[in-house]
Amino acid sequence: DVKVTQSSRYLVKRTGEKVFLECVQDMDHENMFWYRQDPGLGLRLIYFSYDVKMKEKGDIPEGYSVSREKKERFSLILESASTNQTSMYLCASIPSGLVVNYGYTFGSGTRLTVV
Amino acid sequence: GQNIDQPTEMTATEGAIVQINCTYQTSGFNGLFWYQQHAGEAPTFLSYNVLDGLEEKGRFSSFLSRSKGYSYLLLKELQMKDSASYLCAVRDPNNNAGNMLTFGGGTRLMVKP
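Going down the list, the protein sequences come from chains A and B. In terms of my numbering, the first sequence is residues 1 to 115. In terms of my numbering, the second sequence is residues 1 to 113.
Everything labelled a hint here was simulated from the structure, so no lab data went into it. Some hints could be false.
[Stated by the list, open to error] SDA-like, lysine to any residue: derived pairs with alpha carbons at most 20 Å apart:
1. A:LYS70 / A:THR83
2. A:LYS55 / B:ASN94
3. A:LYS3 / B:LEU46
4. A:LYS57 / A:ARG44
[As the list claims (entries may be wrong)] Cβ pair distances, simulated, as ranges:
5. B:GLY40 / A:ASN101: 20 to 30 Å
6. A:ASP26 / B:MET110: 32 to 42 Å
7. B:GLU41 / A:GLU22: 15 to 25 Å
Keep in mind the model is a prediction, meaning the values are calculated, not measured. Glycine included, each C-beta is placed from N, C-alpha and C at the ideal position.
Assemble the whole structure, with the sequences as input and the hints as a guide.
Pasting the structure below:
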């Protein structure tokens, strides 16, 4: 029973391409997040959204944008892919309210390689 | 600011016990989470502590001391499949999104025969 789905597990794109990473959750969560994960650097927050059409920059938003037109879908866009954006991208969601004892639900991740 | 520290790597022997420590400094606190992440896969939830003390769940236990800003994850009877990265994460209600988690860098655990 998959709850957070990322559209691709592996992706190879060329430098300069516009890249879309899709994330869909079926748990009616308000909050959704995009992270990238690189060896030695841990999880770094790119963007997050706490409601439809709302978005907030995380720690490393440069070179990325996001879209949240529907509650269940949060898209990450690489406007012009560069080799330093080669990474594992993780989507996560969590409901609002503080009584949540299981933390994020993560998608399976997308390993993006930019050549 | 927020700071979460955990060791980068640890090695242990199959059948042994290992303790992975996590210290944190955050402006607020509303829970600490431990995740397990196998190479190339997404993190999966292991445990949650919001009050001081020990939470036991099978071979895994997690401890929290809020006054010390300290937690540990204890893995008993280690198995080869426990080789993974273990992520410590803190929920800070003062963050922009009340349920946002801040993650430590992760501890890569290698279990040897």
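| said: Tell me if the beta carbons of ASP26 (chain A) and MET110 (chain B) are separated by a distance inside 32 to 42 Å. | reply: 36 Å Cβ-Cβ, so the 32 to 42 Å window holds.
| query | Falls inside 20 to 30 Å, the C-beta gap from GLY40 (chain B) to ASN101 (chain A)? | reply | holds, 27 Å
| Holds or violated: LYS57 (chain A) to ARG44 (chain A), with C-alpha atoms at most 20 Å apart | holds, 12 Å
| Has the given pair, LYS70 (chain A) with THR83 (chain A), been kept, meaning a C-alpha gap of at most 20 Å? | violated, 30 Å
| request: Given the range 15 to 25 Å, decide if the beta-carbon distance of GLU41 (chain B) to GLU22 (chain A) lies inside it. | output: holds, 19 Å
| Hey, LYS3 (chain A) versus LEU46 (chain B), does the alpha-carbon distance stay inside 20 Å? | Given pair LYS3 (chain A), LEU46 (chain B) holds - Cα atoms ~17 Å apart, limit 20 Å.
| Taking only the CA atoms, is the gap from LYS55 (chain A) to ASN94 (chain B) under or equal to 20 Å? | holds, 18 Å
The structure is inconsistent with hint 1 alone, although it conforms to all the rest.
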